[in-house]
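Taken in order, these protein sequences are the chains called Y and W. No gaps in the numbering here: position 169 of the first sequence is 169 in our numbering, and each next residue is one more. No gaps in the numbering here: position 90 of the second sequence is 90 in our numbering, and each next residue is one more.
In short, the hints are calculated from the structure, not lab data. Treat the hints with care, since some could be wrong.
Unchecked claim - Each computed DMTMM-like pair below joins lysine to aspartate or glutamate, with the alpha-carbon atoms no more than 20 Å apart:
1) W:K57 / W:D178
2) Y:K240 / Y:E220
3) W:K93 / W:D83
4) Y:K311 / Y:E8
5) Y:K81 / W:D144
6) W:K190 / W:E92
7) W:K169 / Y:D79
8) W:K93 / W:D223
9) W:K190 / W:E201
10) W:K211 / W:D223
11) W:K169 / Y:D56
12) W:K181 / W:D137
13) Y:K128 / Y:E8
14) Y:K81 / W:D167
15) Y:K128 / Y:D24
16) Y:K311 / W:D178
17) Y:K81 / W:D203
18) W:K211 / W:D178
19) W:K35 / W:E207
20) Y:K311 / W:D250
21) W:K93 / Y:E8
22) Y:K237 / Y:E296
23) W:K30 / W:D250
24) W:K169 / W:E240
Note that the structure is predicted; figures quoted are calculated from it, not measured.
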Amino acid sequence: MKMSAPYEGQTYYGQPVVKTPPYDWRIAAYIYCAGLGGSAQILSTLARLSGREMGDVVRNGRYLAVAGTILGTPLLVSDLKTPSRFYNMLRIFRPTSAMSIGSYILTGFGGLSTLTAMGQAAGGTAEKAATAVQLPAALAGAGMSMYTASLLSGTNGPLWAATPRALAVQFGAAAMANAAAALSLAEQKAGRSHVSARLDAVATLALATELAASVVAKEERQARGVAGPLEEGKWAKAYKYGALALGVAVPLACHAANLAAPPGRKKSRSLSILGSLAVLAGGMVLRQAVLQAGNESLKRPADYLRFTQPKAGHWDERKVGSLEGRAAPPRKAAISASEMKPRDYTTGPRRAKDAAP
Amino acid sequence: MGVHPRAQDYPESFLPGVIPDESELTVGTKIEPGKRYGFFTDTTLCIGCKACEVACKEWNSLPADNMGLSGMSYDNTVKLSADTWRHVMFVEKVDGATGMQPFQSNWLMMSDVCKHCKNAPCLEACPTGALFRTEFDTVVVQQDICNGCGYCVPSCPFGVVELSMADGKAHKCTLCYDRLKGGLEPACAKSCPTDSILFGEVDDLVERAGKRVEELHERGVTDAYLYGAPNTPGATGGLEQLNAFFLLTDRPEVYNLPPAPTRPANRLAPGLLAGMAAMAGLTLAAAAIFSAPGEKRR
Ligand code: SF4
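Based on the sequences and whatever the hints tell you, model everything.
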């Protein structure tokens, strides 16, 4: 795909066309917690069903899932401007609203994860029951991992809306990498590097997926001419160095070095830990940068007007004839000094007529 | 349109109360639930008097927004907001294309308002059901339900609805829901001295607007076109139709309107499906990695 030119036509005194939501770092932090918790539930379920010795992955995953909900939900509620009415989120179900869909995913995931964690804590038969509940919890966890991308792309923020599919894959894969990294750290701490190795392999795959999605997303943004806030400025820097370099490139290098080690040679514990920490930090930067860059793109009238340029044959050209063929209006030229000179009204026919008796 | 015969019943300057079905007298339409109502704003008739802005503020008891000077021609209102539901825009044409002197009065003026979209993205985004479709086919925020999540704000393709930081709720034009219930036409339309703002049944308005465009074309204003009527700019991307639509004489961008806005809900399915597919793929891969034979427990 090729870069397309940004909108350079007239705007209304540079005023934004669309309005920016009041979403700040809390929403980005929620996206992070939701993804980490959601994917941790998936990995925990897989570990439980794998039939292999997986250390504490099952237990830690179950607790992480609940922790994600417990940390994430207050972040969401506190960002409401009338938080005392948070329960109205479950008043109706609106399938056209990612916020509504997400409210139910979060509620379902939170409930099921709490049951799973309680079963885990109780042990015995309760633990068996927890395993049954964990399957639907993991399914909801998959939703938690990536619906937050649709929360952003299901708006008119040009930067988000230009790339709904790739953003969902990017967020989902990042969530999986975050969860694998968190679980891997715990296994390293417990001295079970063979379990960590499996988790690092999962993280590597997820990171590769995330990287591929980020490339596609970038191309799609550029093709729509709305990539600006992720190409220049402070959030572009955070995205490039924080989310991509620290969050993807560094851990990929660490884990790849360990994976490529010949069998029999001991894998480096510090490389694994370093990789996991980088993933966890980068995942947070990714969410913050994408959220804030999107807010910025909403404030840029040129980006939105570029995003909403019609495709050929968009509407019945016979009826809108006068619009077709008319180029986007140029930016207003500054008025030259000669034009500024007022007309001389003291002479000429007008004056003569006035003087007539 | 002439004077409605029923107007003869009210010859006094001071009326005993609200006239039943007053809209019949003022716009020739009786307001009845189940019909679709909207605005046709003809920008070629707008003189920039801002009577609509004032009438709206008065009727809806909206506080003042911006007390400063903006430097944007005669537009010190700047934008639609939680407290401003009509906004008269002033575009100064100084490009010389019209042969007029710079600074000579050559404005495009347009009274902007909530479009009461047929497929309203704000309503489709609202998770609480606070935004709803009324019996007059208009879109209104129920203040006793809104929890201020703000998701309608970036969803509106026209930047209309906004959260008020004073009360933490979303606000926008209600197309005078209370007046419609009482048989009155909306305050802005009633106050408009040039009938640039027309209130009525949408289908009726679209028909009249079409005639108006033809008339303008005949009179040499060949630039005139409709924005938001079916199958015109503004009614694109799944929005289908704007119940409050406009007659413009320059590109939509000049009036701060998107030429081909889209319905964000159309982006949900692609995103969610792609995301779930990625999660399914990663889960299968992780399952394979977890069950692969490997090192024994030490
Ligand atoms: S113009 Fe905006 S606020 Fe008005 S109905 Fe359409 S989406 Fe909602």
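Sort out whether D250 of chain W lies within 20 Å of K30 of chain W, counting only the CA atoms.
-> violated (34 Å)
Would the pair K35 of chain W and E207 of chain W pass a check requiring their Cα atoms to be no farther apart than 20 Å?
-> Judged against 20 Å, a Cα distance of about 16 Å means the pair holds.
Between K311 of chain Y and E8 of chain Y, does the CA-CA distance stay at or below 20 Å?
-> holds (17 Å)
Would you mind confirming whether the straight-line C-alpha gap from K128 of chain Y to E8 of chain Y stays at or under 20 Å?
-> Given that 20 Å is the threshold and the Cα spacing comes to 63 Å, the pair is violated.
Is the straight-line distance between the alpha-carbon of K190 of chain W and that of E201 of chain W 20 Å or less?
-> Within the cut-off at roughly 15 Å; holds.
Would you mind confirming whether the straight-line C-alpha gap from K81 of chain Y to D167 of chain W stays at or under 20 Å?
-> holds (8 Å)
Between K93 of chain W and E8 of chain Y, does the CA-CA distance stay at or below 20 Å?
-> Between K93 of chain W and E8 of chain Y the Cα gap is close to 18 Å, so the pair holds against 20 Å.
Does the alpha-carbon distance linking K169 of chain W and E240 of chain W stay inside the 20 Å limit?
-> violated (28 Å)
Hint consistency between K211 of chain W and D178 of chain W [alpha-carbon to alpha-carbon, up to 20 Å] | Outside the cut-off at roughly 31 Å; violated.
Pairwise hint evaluation, D250 of chain W against K311 of chain Y, where the allowed Cα distance is 20 Å at most | Distance of about 19 Å is within 20 Å: holds.
Restraint status (C-alpha distance of K240 of chain Y to E220 of chain Y at most 20 Å) | Holds: K240 of chain Y and E220 of chain Y sit about 17 Å apart, inside 20 Å.
Straight-line alpha-carbon gap K93 of chain W to D223 of chain W, limit 20 Å = Roughly 15 Å separates the two Cα atoms, so the pair holds.
Hints 3, 6, 11, 13, 15, 16, 17, 18, 23, 24, counting from the list given before, are not met by this structure.
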